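Participant: What follows is the residue order along each chain.
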Amino acid sequence: MSRLRESLDAGSFVVTGEIAPPLGTDLAAMRASVEMLAPVCDAINVTDNQGASLHLSSLAASRVVLEMGVEPIFQQTCRDRNRLALQSDLLAAWTLGLTNLLAVTGDDPRSGDHPEAKGVFDLDSTQLVQVARGFNEGQDMKGRDLKGATDFFIGAAMFPEAEPWDMQQGRIEEKIAAGVRFFQTQAVFDLDKFARAVDVAHAAGAKVIGGILVLRSARVIRFINERLAGLMVPDHIAARIGGADDATEEAVLLAIEQARALHGIADGIHIMPLGLDAAVPRIVREAGIKT
Amino acid sequence: MIITRPREWERVRAQLADLGATRVFITGCGQCATVANTGGETEVLEAKERLESEGLVVTGWSVGEVACHSGGERLEVRKHAGEIESADAVLVLACGAGVQTMADATSKPVTPGLESVFLGNVVRHGVFEERCQMCGDCVLDRTAGICPVTTCPKGLLNGPCGGMWNGMCEVVTDRECTHVLIRRRLAEQGRAAKAEPLPPKDYSKKLKPGRVDIRAAHRASKSGDAS
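Chains as they are written, first to last, in numbering that gives the first Met the number 0: chain A, 0 to 290; chain B, 0 to 226.
Derived from the structure by calculation, the hints contain no laboratory data.
As the structure is a computational prediction, the values presented were derived from the model and not from experiment.
Some hints could be false.
Here are a few chain B residues that face chain A, going by a calculated C-beta distance under 7 Å [claimed, not checked]: (1) Gly59; (2) Pro152; (3) Lys153; (4) Gly154; (5) Leu156; (6) Gly161; (7) Met163; (8) Trp164; (9) Asn165; (10) Gly166; (11) Val170; (12) Arg174; (13) Val179; (14) Gly189; (15) Ala192.
List of simulated lysine-lysine pairs, DSS-like, C-alpha gap at most 30 Å [to be verified]: (16) Lys193(B) to Lys221(B); (17) Lys221(B) to Lys141(A); (18) Lys204(B) to Lys141(A); (19) Lys117(A) to Lys205(B); (20) Lys193(B) to Lys117(A); (21) Lys193(B) to Lys141(A); (22) Lys141(A) to Lys205(B); (23) Lys193(B) to Lys192(A); (24) Lys117(A) to Lys207(B).
Note that the Cβ used here is the ideal one computed from N, Cα and C, for glycine as well.
Please construct the entire structure, taking both the sequences and the accompanying hints into account.
Facilitator: Next up, the structure:
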């Protein structure tokens, strides 16, 4: 049973973090990140070849996180696997004890470190959610009974600030109808836009965990704006971080403010530390979310 | 039409060198490659001049009606029998289908001079865009006549994906997001409300290699009438 689901169902405000598995087999740095995030996180996302760049699989890394006594959110993208492999890995995830799933499309291979790779996209994220829901109901994509069903807590990504809004609203409703029970959003900078997305999700019965990026330098902001899909840091934020004497401290203060603001609107926060893992406990505590 | 672009000339020369060819017959295509300005009479003659200036002998050339028609290509080979016979190789300025049709029509080694890139719409003279990739399982009835399989760089049936920003695509950033275009047109036509997510695609419909034989179906129906 997913503790993340229990907490959200109980109305608790949750905190999720995020780690990237290593490029290689040395798990030391990843374990250190988990240990840093775990005391203040209800669950930790384990990315799947993030940025279309090669990493240890989310499946294996999620199991490592679980063995450390921390609840992982197993991320699965549609980019690298066809429907046979996706289904097979979903079954594997459940047998390995992974109960939370975040189903996402995945960045295009052309934006990653293997730009020559074939993007698979045999399914899209909505269809992958439908598959996971079918598994929860004991059936594969072909409608055959599984010997042993799953009970995934199914999540998806949401981009509340990407216009046009009516398209995003349609997507949110479609994903919930497909089986999504919680969303994790891209970084939130505009609370009004975020709130309207939360209203749509809540009306259809899904939880929303709002994203926070720890923007430790002007260089990181430039990288995000130029290279990361679905993310755009507004100018006033860039100016604030870029103009600060201590950019790192300013980034932490900004994250604390954002966490406080989201506390009143969302069902939780998802902190993407971008290397500043050590600051996450402070952000959560000083925002008054956990003591 | 099939869109082609010229292969790098150095590579074409290397192909001919590998075949030990000093005497070459060149053939183009009167249809697609002519419209694409890659294998019409003009381009075939340019290739001829270039090969000759580089010391090769061009034994002859032809631009038949259409290079992917087996009967037509066999006719071209018969018309130019002597010129092809005296050549070491045939250079084909046509799509891959045309190259193979020529390779079947002659016993001489055949080598391609173009890259075949996509099935294209002619936007205006010299400007081509890919709109259909012949998947065998058309979804245009559900997508307001805009193909997501072809025009979304990820080929997603449902979208927009998380990379869309201000209505624009994340992969080809100067393009509007296909799924925004689809949803907008569905809304304009009053069809958005009943639009459901598309189911996963049936890739078994895209048989490789493709083959359609309408004569077989015709024969079957005729024999059915007789019985």
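Participant: The structure should be examined with respect to each hint, and the outcome stated for every one.
Facilitator: Structure-based check of each hint:
1. Against a cut-off of 7 Å between C-beta atoms, the interface hint on Gly59(B) is violated, since the closest Cβ of chain A lies about 40 Å away.
2. Contact between Pro152(B) and chain A, as hinted, is supported at the beta carbon level, the nearest pair being about 6 Å apart and thus within 7 Å.
3. Interface restraint check for Lys153(B): the shortest CB-CB distance to chain A comes to about 5 Å, inside 7 Å, so the restraint holds.
4. Taken as an interface hint, Gly154(B) checks out: its beta carbon lies about 5 Å from the nearest beta carbon of chain A, inside 7 Å.
5. Contact between Leu156(B) and chain A, as hinted, is supported at the beta carbon level, the nearest pair being about 6 Å apart and thus within 7 Å.
6. Interface hint status for Gly161(B): upheld, as the beta-carbon distance to the closest one in chain A is roughly 4 Å, under 7 Å.
7. Because the smallest distance between the Cβ of Met163(B) and any Cβ of chain A comes to about 6 Å, under 7 Å, the interface hint for this residue holds.
8. Interface restraint check for Trp164(B): the shortest CB-CB distance to chain A comes to about 5 Å, inside 7 Å, so the restraint holds.
9. With a cut of 7 Å, the hint placing Asn165(B) at the interface with chain A holds, because the nearest CB-to-CB distance is about 5 Å.
10. Satisfaction of the interface hint for Gly166(B) is found here, the shortest Cβ-Cβ separation to chain A being roughly 6 Å, below the 7 Å cut-off.
11. The beta carbon of Val170(B) is positioned within 7 Å of a beta carbon in chain A (closest approach about 5 Å), and the interface hint is therefore held.
12. A cut of 7 Å between beta carbons decides the hint on Arg174(B): the least distance to chain A is about 13 Å, and the hint is violated.
13. Annotation: Val179(B) was flagged as interfacial toward chain A, and the flag holds, the nearest CB pair being 6 Å apart, inside 7 Å.
14. Given hint, Gly189(B) at the interface with chain A, is violated; its Cβ is 14 Å from that chain's nearest Cβ, farther than 7 Å.
15. With 7 Å as the threshold, the beta carbon of Ala192(B) stays out of range of chain A, its nearest partner Cβ sitting at about 10 Å, so the hint is violated.
16. Pair hint Lys193(B) plus Lys221(B) does not hold up; C-alpha atoms about 43 Å apart against a cutoff of 30 Å.
17. About 38 Å separates the Cα atoms of Lys221(B) and Lys141(A), which puts this hinted pair outside 30 Å; it is violated.
18. The hinted pair formed by Lys204(B) and Lys141(A) meets the criterion: a straight-line CA distance of about 16 Å does not exceed 30 Å.
19. Among the hinted pairs, Lys117(A) with Lys205(B) is consistent with the structure: their alpha-carbon atoms are about 18 Å apart, no more than 30 Å.
20. Taking the CA atoms of Lys193(B) and Lys117(A), the gap is about 33 Å. The hint is violated against a cut of 30 Å.
21. Distance restraint check for Lys193(B) and Lys141(A): the Cα-Cα separation of roughly 25 Å lies within the 30 Å cut-off, and the hinted pair is therefore satisfied.
22. As the CA atoms of Lys141(A) and Lys205(B) are separated by approximately 19 Å, the hinted pair is consistent with the 30 Å bound.
23. Among the hinted pairs, Lys193(B) with Lys192(A) is consistent with the structure: their alpha-carbon atoms are about 26 Å apart, no more than 30 Å.
24. For the hint pairing Lys117(A) with Lys207(B), the CA-to-CA distance comes to about 18 Å; that is within 30 Å, so the pair holds.
Against the hints set out earlier in the document, violations occur for numbers 1, 12, 14, 15, 16, 17 and 20.
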